Amino acid sequence: MSWAAHDLEPYVIQRHLGRKVAFMPLLFGSYAPDMFTKWFVYGIGVFGYEIRAANPARFHRGWPGVGFTHSLPFGLLVALVIYGVWRKPVIAYSFLIGHWAHSLTDTGDTVGTMLFFPFTTHLFSIGAWAYAGELGRQVDAGAYFSGLGFVWDGVWLVWAALSWKVLTRDYFRTTVLAGDPFYRWAGKTLSERLLLAVYRAAFFYGATRWVAWIVWAHFLQGSALYNGKRYKFKFDLSWGGPHWVHAVEAAQVNAAAANCPCPCCRAARRTLFAYGCVAVLVKVKQFRNRMAACSKAGREILSPPPLE
Amino acid sequence: MRTFLLYLAAAVVFTGIGIWNQNYIYSYFEGLAFLCLFVVGIPALFRRIKR
Chain A
1 MSWAAHDLEP YVIQRHLGRK VAFMPLLFGS YAPDMFTKWF VYGIGVFGYE IRAANPARFH
61 RGWPGVGFTH SLPFGLLVAL VIYGVWRKPV IAYSFLIGHW AHSLTDTGDT VGTMLFFPFT
121 THLFSIGAWA YAGELGRQVD AGAYFSGLGF VWDGVWLVWA ALSWKVLTRD YFRTTVLAGD
181 PFYRWAGKTL SERLLLAVYR AAFFYGATRW VAWIVWAHFL QGSALYNGKR YKFKFDLSWG
241 GPHWVHAVEA AQVNAAAANC PCPCCRAARR TLFAYGCVAV LVKVKQFRNR MAACSKAGRE
301 ILSPPPLE
Chain B
1 MRTFLLYLAA AVVFTGIGIW NQNYIYSYFE GLAFLCLFVV GIPALFRRIK R
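Residue numbers (my numbering), protein chains in the order written: chain A, 1 to 308; chain B, 1 to 51.
Think of the hints as simulated: they come from the structure by calculation, not from any bench.
This one's a predicted model, so the numbers in the text were calculated from it and none came from an experiment.
Don't take every hint at face value.
Said to hold, decoys possible - Using C-beta positions, here's what the derived DEER-type ranges look like:
{"#": "1", "chain 1": "B", "residue 1": "Thr3", "chain 2": "A", "residue 2": "Cys294", "range": "21 to 29 Å"}
{"#": "2", "chain 1": "A", "residue 1": "Leu17", "chain 2": "B", "residue 2": "Leu8", "range": "32 to 40 Å"}
{"#": "3", "chain 1": "B", "residue 1": "Val13", "chain 2": "A", "residue 2": "Gly187", "range": "23 to 31 Å"}
Positions of the beta carbon are idealized from the N, C-alpha and C atoms, including for glycine.
Using the sequences and the accompanying hints, generate a full structural model.
Rendered as structure tokens:
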């Protein structure tokens, strides 16, 4: 699971696709796989009783359970239903992009997602950070923000921050309003100031909770109790970490993942890691080129050529 | 710049609230409600009182 990436990904996608996507369905798609199920993973108290899944990881990602909400065909099915209701392709495929972004992002932890359910219950997992949802919200947060998960969220935070233009009023007027039927409809009754706040809210929420959880886990709390056991939040950026917490593995959730001989399980982790490194290097190079262009433009503004 | 500072203040306050009580940073809708209140509702109230 990811704690801030699902809030920030839509802004990066918006930056790259512009008017081709509608932001609200994109954001809704990004939240959709966990929207109605996450509360049952951690549990809630109702009139003194705690309602919670007996096996949170299986409930959340596996089968039997609601793991199908993270599958790519499920996203396609919901997108088709959306298309059937609204008859606007942009709403349907924007939802689909957001949903698939969520499903693929969640393959990063040790449980992974059933990407091709119902064709297979196989859990596709890169295993970069530990899944510890069964230990309650606080320990799960502490574990996530101590391993590579928080780095992953940090990458999205930086990437979204580099896409800051999508947060401006001009961009909202010229691109978001033009591409999103929801905002055009809401704009008939709500003020632009309120629409802008709604549009920026996911970025605001993702960035602030990322900072808040890190400060809470590492500078204030430092540890949390679950079932009488105290977990100390120590940074562990090794693959699959932090190892001070018991990470649930895909094989423990779905039998199909145990000793799986498929190419994904045997080689995907290394291959995907290599692809990830290449992608980061390309992004760094693009960023450096952009900074060099900005610097050159700045120099030209500060020292204009002499007038003839 | 004024709008940016308003959002920045909202971010600082919301981060503080989240650190103080994590129940407020579990759901996007809490962030949405807080931001709308902070950058739209409260300034509108102040403008009305000033008038």
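Hint by hint, here is what the structure shows:
1. B:Thr3 to A:Cys294: 21 to 29 Å: 23 Å, holds
2. A:Leu17 to B:Leu8: 32 to 40 Å: 28 Å, violated
3. B:Val13 to A:Gly187: 23 to 31 Å: 28 Å, holds
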